Amino acid sequence: MELNSLSDLSSASSLLLQVSTLLYLFSMAGYLFFLFDQRDRIQKISFCLVATAVGVHFLSILATGIAAQDLPIKNMAQSLSLAALAFGCMFLYFQYKFNLKILGVFASTLLSILMLAVMLVPDTPVASNEILKGFWFVAHIVLVFTGDASLGLACGAGILYLIQEKGIRSKNPGFFFKRLPSLDFLDNVSYTCTTTGFTLLTFGLITGFIYAKSIWGRFWNWDFKEVFSIGTWLVYAALLHFRFHSGWRGRKSAIMTIVGFMIIIFTFLGVNIFLGGHHQGFTK
Amino acid sequence: MSNIFLIGANHKTAPVELREKLSFTQEETLGALEYLKNAPQIKEGLVFSTCNRMEILYIPKAGDQVEQMIEFISDHKKIGIPEFRSALYIHEGDEAIRHIFQVSSSLDSMMVGEPQILGQIKKAYKTAVAEGASGVLLNRLMHKSFSVAKRVRKETGIGDNAVSISYAAIELANKIFGDLSSKSVMLLGAGEMAELAVEHLISHNVDNIVVANRTFKNALALAQKFNGQAVQFEERESVLKDVDIIISSTGAAEYVLTQDQVKQAMKKRQHRTLFFIDIAVPRDIDPKINKVSNAYVYDIDDLTGIVETNIHQRGQETIKAERFVEEAVLTFRKWVDSLSIVPTIKGINDKMTAIVELEFNKTMSSLGHLSQGDMEAVRRMTQAIATRTIHDPIQFLRNTGDHRDDSLYLNVTRQLFDLDIPEKN
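If you read the protein sequences in the order shown, they are chains X and W. Quick note on my numbering: the first sequence kicks off at 1 and runs consecutively. Quick note on my numbering: the second sequence kicks off at 1 and runs consecutively.
Chain X on its own, in the form it takes in the complex (with noise of 0.2 angstroms):
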């Protein structure tokens, strides 16, 4: 009885994911309509799109939780979710605080990205790791996945900020000049973005060591997703401080967001697939 209500509980979770996969494509759709036609219902249809679609995904993954009794963050196609889930999140969070409207195209075409390979990257079931519990470890998930969902918009309102830049400076306002805000509202969310992804950034990393020391025994491993995590941080943190001190801001500033949340993605991913490390499982 007991076996049987977890495998419905699983079952009904992945339909919850295909579900919330085909509301993030239609919001992406919305959101390209949107581009286009620059009528406010239907971003606010689109929006709302997003926010069933993070609800039910939601739902999915504390399904899944519960079936495995344990944080679904096992393999590649669990961690994609978590991912995706973050970042739509911290979009819905975002939007509701800044109400840049064009931001939900760029936010909505990475969710459906992100959830198509979750759909096609294979969810081979991995025994359950005594290792991957507690508190600390959770926090460490929960504070990186939303950290580097933040540096993810930051990158978005970057490649706005420079979409904007270019049309601006080379006197030649096309189709994006009345589609996008400010050049400085730009730089704002940017800005905001990142030291809010920063900020949770640090605490992941620390939750992180902590979670090490209580492990291994040990802060720092040398283990390669380590080593690229501090270098994320290490572009971030030099990011800010040029922000303050020598007034890295508007282009220099979009070029770094882009650049920083790269990286990101080849820490999230590459470290595992090329380099391995005590991180892998998570991702295999």
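The hints are simulated quantities; they were obtained by calculation from the structure and are not laboratory data. Just so it is clear, the structure is predicted and the values come from calculations on it, not from any experiment. One or more hints might be untrue.
[What the hints assert, rightly or not] Restricting the straight-line Cα-Cα distance to at most 25 angstroms, the calculated cross-link-like pairs of lysine-lysine (PhoX-like) are:
| id | chain 1 | residue 1 | chain 2 | residue 2 |
| --- | --- | --- | --- | --- |
| 1 | W | Lys267 | X | Lys166 |
| 2 | W | Lys123 | W | Lys12 |
| 3 | X | Lys171 | W | Lys288 |
| 4 | W | Lys144 | W | Lys37 |
Let chain X serve as the given structure and place chain W on it in line with the hints.
Chain W in isolation, oriented as in the chain X frame:
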């Protein structure tokens, strides 16, 4: 049958000197409304006047009253009829309706798509209502004109594009800075063009204005006018640290600001964005400054280029807007036509007959035991009640008396019985 007339002059028919003479001040507008209200031959009237146009809308009781109206304008504005007669346009019926819709949608403006006109026309309408000069027809006409204007604004790109140089500059500033209220402006040179651009900026609430000019006296005079501050022309480089927008229009033969100067200034201002608007010929601002990070330079040719693209795009949108106006004219015409006695009485009759039928059938379906004769008797009774009920109102509508305004009662009747044709949009 009431007919709408419109007499007016605008930037297309009258030169600016004449428009100045014809335009009504607020007080003159009130006086004109007073006249329209009391004139025995005029049912309703409305006066709309801006610096680019003067329009009088009215509904005569009999005849067209055009000559009387022209005489009134001549008296009221103290201007001889031959002086302005040829500049007037006189529209009647659908033409007048179309014209007022085009005006409120900003299709007839000097700068097509400019947004102020709707506010001005709303104000004129409110004044006419407050003075009691306008009535059922004109009120409805004006409301319709507002909704057309809104539709045009919402569904066409007509108001999107800046089609004057100073508008284009402001739009760029908005896309660079977003909020201009915390930004400061430096004027280099005290030319007329610069003054115009600054006036636009002030209407967008910039924070502070600094004027630098070779002749300090002129700088001081202009600074006082805009409530800003004046500096020596040599101080311009150090001022770059504190301002965000620079408008330059000096007569200098060489660049008054160079790339190196701006690079230095950028360091001091922590690379916050600078926007240079160079309207001088020959140019004042070194175009290489546009390559400096977070600095943008637009000269007069760049701005003209943007304006030209926008004018082209606007032309396409105008076609769409004209279609909306045409649709609205048709709807309004239908409403005016319905506002006569026969269709109104027919409307009431139809409505009552429908109600009687519906209720009779509803009741009879549960009274199966009645004989055919009984049923007929009940039907006749319900019909009689309905006919009796509407008999007096219909009699009243047939003879409201000469001195009264039919359209007023017809309008009320249509509203009481909910007879109006449903309106789209």
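Hinted pair X/Lys171 and W/Lys288, Cα distance within 25 angstroms: holds (14 angstroms)
Agreement of W/Lys267 and X/Lys166 with the hint, judged by alpha carbon distance not exceeding 25 angstroms: holds (22 angstroms)
Agreement of W/Lys144 and W/Lys37 with the hint, judged by alpha carbon distance not exceeding 25 angstroms: holds (22 angstroms)
Agreement of W/Lys123 and W/Lys12 with the hint, judged by alpha carbon distance not exceeding 25 angstroms: holds (23 angstroms)
The structure meets every hint from the earlier list without exception.
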